[in-house]
Amino acid sequence: MTSEVALTVDVLTGFLGAGKTSLVRRLAEAGALADTAVLVNEYADLPVDQTLMGISGIKAGTFADGCLCCATDGDARSSLLQLLERRAAGAVPRFTRILVETSGIADPGSLLATLIADPMLRPRLRLGRVVTLVDLCHATATLAEHPEAAAQIVAADILLFTKADMADEDETSALIAAVGAINPIARTHECSPHDDINPFNLEIHQTTGERTLPAPPHHEHRHGIGSTTLRWPAPVDWAVFASWLSLLLHRHGHKILRMKGTMTIAGEEQHGPVVIQSVRHVVHMPEHISALAESAGAEIVVIAREIDTALIRRSFEAALGLAQRNSRCEEDHLPENDAAIA
Amino acid sequence: MCGFCGSFTEHRHWSAGPLTAARQGAVRLRIARTAGELAAPAGVRLTAWRDRFQLTGPTGKRELATDLAGIWRAVDRLGRVMPDPLDETFLSHLEGMLDK
Numbered sequence: 001m002t003s004e005v006a007l008t009v010d011v012l013t014g015f016l017g018a019g020k021t022s023l024v025r026r027l028a029e030a031g032a033l034a035d036t037a038v039l040v041n042e043y044a045d046l047p048v049d050q051t052l053m054g055i056s057g058i059k060a061g062t063f064a065d066g067c068l069c070c071a072t073d074g075d076a077r078s079s080l081l082q083l084l085e086r087r088a089a090g091a092v093p094r095f096t097r098i099l100v101e102t103s104g105i106a107d108p109g110s111l112l113a114t115l116i117a118d119p120m121l122r123p124r125l126r127l128g129r130v131v132t133l134v135d136l137c138h139a140t141a142t143l144a145e146h147p148e149a150a151a152q153i154v155a156a157d158i159l160l161f162t163k164a165d166m167a168d169e170d171e172t173s174a175l176i177a178a179v180g181a182i183n184p185i186a187r188t189h190e191c192s193p194h195d196d197i198n199p200f201n202l203e204i205h206q207t208t209g210e211r212t213l214p215a216p217p218h219h220e221h222r223h224g225i226g227s228t229t230l231r232w233p234a235p236v237d238w239a240v241f242a243s244w245l246s247l248l249l250h251r252h253g254h255k256i257l258r259m260k261g262t263m264t265i266a267g268e269e270q271h272g273p274v275v276i277q278s279v280r281h282v283v284h285m286p287e288h289i290s291a292l293a294e295s296a297g298a299e300i301v302v303i304a305r306e307i308d309t310a311l312i313r314r315s316f317e318a319a320l321g322l323a324q325r326n327s328r329c330e331e332d333h334l335p336e337n338d339a340a341i342a
Numbered sequence: 001m002c003g004f005c006g007s008f009t010e011h012r013h014w015s016a017g018p019l020t021a022a023r024q025g026a027v028r029l030r031i032a033r034t035a036g037e038l039a040a041p042a043g044v045r046l047t048a049w050r051d052r053f054q055l056t057g058p059t060g061k062r063e064l065a066t067d068l069a070g071i072w073r074a075v076d077r078l079g080r081v082m083p084d085p086l087d088e089t090f091l092s093h094l095e096g097m098l099d100k
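So the protein sequences, as listed, match chains A and B.
Heads up: the first sequence at position 338 corresponds to 338 in this note's numbering, and the numbers run straight through without jumps.
Heads up: the second sequence at position 5 corresponds to 5 in this note's numbering, and the numbers run straight through without jumps.
Careful: at least some of the hints might be erroneous.
[As the list claims (entries may be wrong)] A few chain B residues that face chain A, going by a derived Cβ cut-off under 8 Å, partial list only:
#1 W14
#2 L19
#3 R23
#4 R30
#5 I31
#6 A35
#7 E37
#8 A69
#9 L86
#10 M97
[Claimed, not checked] 20 Å max Cα-Cα, derived EDC-like pairs, lysine to aspartate or glutamate:
#11 A/K255 to A/E306
#12 B/K100 to B/E37
#13 A/K255 to B/E88
#14 B/K100 to B/E88
#15 A/K255 to A/D107
#16 B/K61 to B/D76
#17 A/K255 to B/D76
#18 A/K255 to B/D84
#19 B/K100 to A/E317
#20 A/K255 to B/E37
#21 B/K61 to B/E37
#22 A/K255 to A/D308
Hints were generated in silico from the structure; no laboratory data involved.
Just so we're clear, the structure is a prediction, and the values are computed from it rather than from any experiment.
C-beta atoms are modelled at their ideal positions from N, C-alpha and C, and glycine is treated no differently.
Start from the sequences, fold in the hints, and give me the full structure.
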């Protein structure tokens, strides 16, 4: 494959009219997309110079600050591969980051799963932040009518509420609460057209104490989406957790929309907590983070559809209870080498 | 080569991600034991075998798996039932083991 450092891919999503293109335009004008290749479904509204280049049949151009902008026909995987090949061949400016702006009516779940798991993309790309724009003026109706809008909210690391200057204050409060019930994982911000916030610069690995929206212990929402928080007070036996989670996602991955949280692994405490993240049946490669976790054990938010999330919590606690029992019985007597036991 | 599953590809199962190399062998043995306990209601036995996992179904039929994803696919093929961690019977079995 390649020995190069993986490029970060940030994702911008949000329903039609939420302000995605306006945000991209503003970031480009502010110079925040230098060294970035922007992949969009339609870039007719963007101020790009389209005469500079073409990428094997897909439209491409550059912003004034040199940022490369490419249109995709919706097949993000092939567009990304094509972009990477052109970069490797020196046919396009040598960008160091990619921003994918999804279609307004897309469920970004499949894109995220592709970025995490595709064998061609995985060694070369690393999923960064998923920013979802939520239009405060229209999101209530949009959410009621379009499950894709809920899927976009579920996918978010950062929720940016747009058009705050035009929205009714009471409706805004109710909408923010409803959105928080769908995705208690994300950080949230409100913005108006003239705010100069760059959501891709925001920290996303916050502890729960910094979360803007309250995370209910168990909450059901329309579209059958509910969330719960899995908590364990002590460092976790990784073998038990991995066995349990892999079975859960094997059986119910299509309904476990997202998981995200931190966990301290028993025996690896000196390396700090790891971030646990999944999108449906696909799990991110867990990575240690330098930040201190709020919990000495595990705290993981689960967003699921059409599943009694209390059952997930019960199953998690039973599995980790099993680990405790096993530890009491024999943890100190395990062999330390790879000897076969068959 | 993946130090966890021994395969000569760049693919590593996520369960190998956060572990230091020195602990991966021991954790593989623990996975064999834990996944075996979760697979027991299906009648499937599981052991660590070299750098793989060996599964034996209730009829004696055997399969090898390289990682947890492969384990659960094999359990579905070999077992009497497909284990479901959210199923009431399975949960009762799991919770019952805590008292033993």
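The hints, checked one at a time:
| no. | hint | in the structure |
| --- | --- | --- |
| 1 | W14 | holds (4 Å) |
| 2 | L19 | holds (7 Å) |
| 3 | R23 | holds (6 Å) |
| 4 | R30 | holds (3 Å) |
| 5 | I31 | holds (5 Å) |
| 6 | A35 | holds (4 Å) |
| 7 | E37 | holds (7 Å) |
| 8 | A69 | holds (6 Å) |
| 9 | L86 | holds (5 Å) |
| 10 | M97 | holds (6 Å) |
| 11 | A/K255 to A/E306 | holds (7 Å) |
| 12 | B/K100 to B/E37 | holds (13 Å) |
| 13 | A/K255 to B/E88 | holds (18 Å) |
| 14 | B/K100 to B/E88 | holds (19 Å) |
| 15 | A/K255 to A/D107 | holds (14 Å) |
| 16 | B/K61 to B/D76 | holds (13 Å) |
| 17 | A/K255 to B/D76 | holds (19 Å) |
| 18 | A/K255 to B/D84 | holds (14 Å) |
| 19 | B/K100 to A/E317 | holds (16 Å) |
| 20 | A/K255 to B/E37 | violated (24 Å) |
| 21 | B/K61 to B/E37 | holds (18 Å) |
| 22 | A/K255 to A/D308 | holds (11 Å) |
The structure is inconsistent with hint 20 alone, although it conforms to all the rest.
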